[in-house]
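Peer 1: Sequence:
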Amino acid sequence: MRKLFLVTAIAVVVSFALPVAAFAVPCPGDPNVRVAKFWVGKAYYEVNGQRFQMDVAPYVKNGRTLLPLRFVGYALGVQEKDVAWNGVLGEATLKRWHG
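In mature numbering (1 follows the signal peptide of the UniProt record, and there is no 0), the protein residues as written are -24 to -1, 1 to 75.
What the hints contain is simulated information worked out from the structure, not anything from laboratory work.
Here the structure is a predicted model, which is why all the values come from computation and not from measurement.
Among the hints, a few may not be true.
Calculated cross-link-like contacts (lysine-lysine; reagent style DSSO-like; alpha-carbon spacing at most 30 Å) [to be verified]:
id, residue 1, residue 2
1, LYS57, LYS18
2, LYS18, LYS37
3, LYS71, LYS37
4, LYS13, LYS37
5, LYS71, LYS13
6, LYS13, LYS57
7, LYS71, LYS18
8, LYS71, LYS57
What follows is a list of derived Cβ distance ranges for each label pair [as the list claims (entries may be wrong)]:
id, residue 1, residue 2, range
9, GLN26, ASP58, 17 to 25 Å
10, VAL11, GLY66, 29 to 37 Å
11, LEU42, GLY63, 18 to 26 Å
12, PRO7, GLY63, 14 to 22 Å
13, VAL64, VAL9, 31 to 39 Å
14, ASP31, LEU65, 31 to 39 Å
15, TYR35, ALA60, 18 to 26 Å
16, ARG72, VAL32, 17 to 25 Å
17, VAL64, GLY17, 27 to 35 Å
18, LYS57, ARG27, 20 to 28 Å
Just so it is clear, CB atoms sit at the ideal spot from N, CA and C, and this is done for glycine as well.
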């Protein structure tokens, strides 16, 4: 009985300690879904299977993957006119309007 309790207790602890990943699969043909893919070292990205060129490729630095924010914005539906860079403040602004 003690062994069963111990095994159950360990199973409960392990189940709460392990991270859980959830994935949502987009419905094919849904116009509201954008699937954007970027690759390290490649100066292009894809949105819903359509390829777009970038002037710089994503790269890894200090264990982090860095993506060009302008193109991430484009991939998410931000228009070119709604991307601004303020060199004085070192600030990038992306606007996305809903409606």
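Peer 1: Could you run down the list of hints and mark each one as holding or not?
Peer 2: Okay, the hints, checked on the actual structure:
no., hint, in the structure
1, LYS57 to LYS18, "holds (25 Å)"
2, LYS18 to LYS37, "holds (15 Å)"
3, LYS71 to LYS37, "holds (27 Å)"
4, LYS13 to LYS37, "holds (19 Å)"
5, LYS71 to LYS13, "holds (21 Å)"
6, LYS13 to LYS57, "holds (22 Å)"
7, LYS71 to LYS18, "holds (26 Å)"
8, LYS71 to LYS57, "holds (9 Å)"
9, GLN26 to ASP58: 17 to 25 Å, "holds (20 Å)"
10, VAL11 to GLY66: 29 to 37 Å, "holds (31 Å)"
11, LEU42 to GLY63: 18 to 26 Å, "holds (19 Å)"
12, PRO7 to GLY63: 14 to 22 Å, "violated (36 Å)"
13, VAL64 to VAL9: 31 to 39 Å, "holds (38 Å)"
14, ASP31 to LEU65: 31 to 39 Å, "violated (22 Å)"
15, TYR35 to ALA60: 18 to 26 Å, "holds (24 Å)"
16, ARG72 to VAL32: 17 to 25 Å, "holds (22 Å)"
17, VAL64 to GLY17: 27 to 35 Å, "holds (32 Å)"
18, LYS57 to ARG27: 20 to 28 Å, "holds (22 Å)"
Of the hints listed earlier, those the structure fails to meet are numbers 12, 14, in rising order.
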